[in-house]
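Protein chains in written order, with the UniProt record's numbering: chain A, 1 to 322; chain B, 1 to 169.
No lab work stands behind these hints, which were simulated from the structure alone. Take the hints with a grain of salt, since some may be wrong.
As the list claims (entries may be wrong) - Taking lysine to any residue and the SDA-like style, the derived pairs with C-alpha atoms no more than 20 Å apart in a straight line are:
#1 A:K304 / B:C161
#2 A:K289 / A:Y303
#3 A:K307 / B:N138
#4 B:K23 / A:K284
#5 B:K159 / A:S282
#6 A:K287 / B:C161
#7 B:K31 / A:S282
#8 B:K148 / A:H308
#9 A:K268 / A:D257
#10 B:K160 / A:P286
#11 A:K287 / A:Y303
#12 B:K148 / A:D86
#13 A:K287 / B:L118
#14 B:K148 / B:N138
#15 A:K251 / A:S167
#16 A:K284 / B:K144
#17 A:K304 / B:P152
#18 A:K3 / A:E278
#19 A:K273 / A:F254
One-letter residues, chain by chain:
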Amino acid sequence: MRKKSLTLLSDGKLFRKENTLYFENAQGKRPLAVEGIYDIYIYSHVNITSQALHYLAQKGVAVHFFNHYGYYDGSFYPKESLHSGDLVIKQAQHYLDFEKRLKLAKLFVIGAAKNMERNLARFGAKHKFDELLEELDGCGKITDVMNVEARIRQEYYALWDETLPESFKIVKRTRRPPQNEMNALISFLNSRLYPAILSELYNTQLTPTISYLHEPSERRFSLALDLSEIFKPIIADRIANRLVKQGIIKKEHFRGDLNGVLLNEEGKKTVIKAFNKEMEKSVKHPKLKKNVTKKRLIRLEAYKLIKHLVGVQDYEPLVAWF
Amino acid sequence: MESYPETHLLIRGVEINYLFICKTKLWYFAKGITMEQENEYVDLGKFLHERSYFGEEKEVQIGPIKIDFVKKGDIIEVHEVKKGKSMEKAHEMQALYYIYYLKRHGINAKAVLNYPKLRETKEITLDGREQEVEEAINEVEQIKALSKPPEPVKTKKCKKCAYYELCWV
Ligand code: SF4
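Chain B extracted, bound-state conformation:
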């Protein structure tokens, strides 16, 4: 296993997620300006670093994603149960980032998105999508390097966003 941390993998899965939801939110979150609701987010890197999990059944909830550390054959499954497809891109990219991350640590993984309401499942593998993940990583890093947050843009998402008051007061 490669040693952790690797600088280019220092970003957290939830940051990839936020990149596809709102860049303002991403900036605040990355700077530690979090809202109560965000505090529960676990960092996969830290999790892998601190615990050995192989051979054990283990679940870890990382933001909206549940990683199921059951070894199925040779592969780890990243499971995600979703209500609808509204945040699909954000969640998909976050899952993809985990797969990418795990691969860098020599672990093969795939993601399964479950839509119980729609009775659908969708499998995600990294095949050929490394570049997409790397681009997202770069973009996250660029936003984190900004001296102030990107201008907020009011969208439907704002209403439910924990940062609503901070952004719009």
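So that you can see chain A by itself, here it is in the shape it has in the complex:
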């Protein structure tokens, strides 16, 4: 059985009775086959019993929580079950050896830039970041790498903006709180993507707290931030672009708030549905010569990182061919 992500959007209670996990909401009580659950995303008010959490920990299921606005709050990340002392050491080595760290940091930015280029070509605003990438090449500090990355992103948003409908311009990429619809949409999607990456890392021996582009102190699971550079354009941005250009997400899916512009309940549901569907879509992998889901691409990226760390094969970030 292929395990699936479970998203909870309605208020209720998650509990365990004997060897079954139940979700109870206004509609009634529904048993959940824990063996079929890959991870859980909770957007609503859910009471979880400690027995339920024990059970999920035992089964290695991570639970990700989102706040009232639909933004990521935190995860219940069960005690890691997959250990490799050797790999932890290699991961740390690549952080401590500055040249090694810089190399990886740049690779994440290169991957991100290439995927942004790929998007722009699809969105109808063909562009190459050659100059900025050349500048990146000469960077000798992580902060400089970060800086180039920010400028690439700025340019990307400006170009993408030209293709967007008038009412969904990004104009100025704002966060916390987003000040317009497109920003709210992108932030919401990125917020959903990050824990999905975390779930993939959980299923490998990589330690999510050791990262290269982002400082390990920045966020607890900063390696997921590194990887999200690669996946934000090919997953989150593409969904956002499609949803507004096809008119699936409209102005009425948002509401104003003291906290800026936010998706309303209907909007959140629509976006989550689109996200879940997108993650299950497959593409033919040119190297593996088989179909893999978008979600699996994240795992494969983790594998490539493992191979880089153990010295088998230099990491080459995923550049979307699809």
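On the provided structure of chain A, position chain B with the ligand as indicated by the hints.
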């Protein structure tokens, strides 16, 4: 009984098995880079260390091998039920390693390979094969000592291997 662990017996049966299947897989596995499917493997040494089993009927599934801890006369039988003979060498050597292991702990054992489909059984005893096991142990240790995994080689086995994506992505 000799005390556990003895350094030269610190390798696990499944590592002997992997030696005859794929050395790349062996390296990754030995370094703790396992795939979900591998997580169920029990370590015989740990099992013997943690539990007393004599006088009880006990079965333990160790990777593809089932050890039947029924004392038959004076001998413990390591049973293995197999579909076909494709992984024969790997399984046989793993069983042989267990017999060798048990002998080092003063326990006499033999292995019985069962091929229900072929209506065949095959008995394996250690007699005269110590050296073969020791060579395998040495080779496992050499591979584990490598700083990176041996180059993967694409074979028919890869298709069904849990490491396929890791090796070939
Ligand atoms: S995929 Fe092939 S080369 Fe890689 S570990 Fe498996 S059998 Fe060995």
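Now the hints, each set against the structure:
{"no.": "1", "hint": "A:K304 / B:C161", "result": "holds (17 Å)"}
{"no.": "2", "hint": "A:K289 / A:Y303", "result": "holds (16 Å)"}
{"no.": "3", "hint": "A:K307 / B:N138", "result": "violated (26 Å)"}
{"no.": "4", "hint": "B:K23 / A:K284", "result": "violated (28 Å)"}
{"no.": "5", "hint": "B:K159 / A:S282", "result": "holds (19 Å)"}
{"no.": "6", "hint": "A:K287 / B:C161", "result": "holds (16 Å)"}
{"no.": "7", "hint": "B:K31 / A:S282", "result": "violated (31 Å)"}
{"no.": "8", "hint": "B:K148 / A:H308", "result": "holds (11 Å)"}
{"no.": "9", "hint": "A:K268 / A:D257", "result": "holds (15 Å)"}
{"no.": "10", "hint": "B:K160 / A:P286", "result": "holds (19 Å)"}
{"no.": "11", "hint": "A:K287 / A:Y303", "result": "holds (14 Å)"}
{"no.": "12", "hint": "B:K148 / A:D86", "result": "holds (11 Å)"}
{"no.": "13", "hint": "A:K287 / B:L118", "result": "violated (38 Å)"}
{"no.": "14", "hint": "B:K148 / B:N138", "result": "holds (18 Å)"}
{"no.": "15", "hint": "A:K251 / A:S167", "result": "holds (8 Å)"}
{"no.": "16", "hint": "A:K284 / B:K144", "result": "violated (34 Å)"}
{"no.": "17", "hint": "A:K304 / B:P152", "result": "holds (15 Å)"}
{"no.": "18", "hint": "A:K3 / A:E278", "result": "holds (16 Å)"}
{"no.": "19", "hint": "A:K273 / A:F254", "result": "holds (16 Å)"}
Going through the hint list in order, the structure does not satisfy hints 3, 4, 7, 13, 16.
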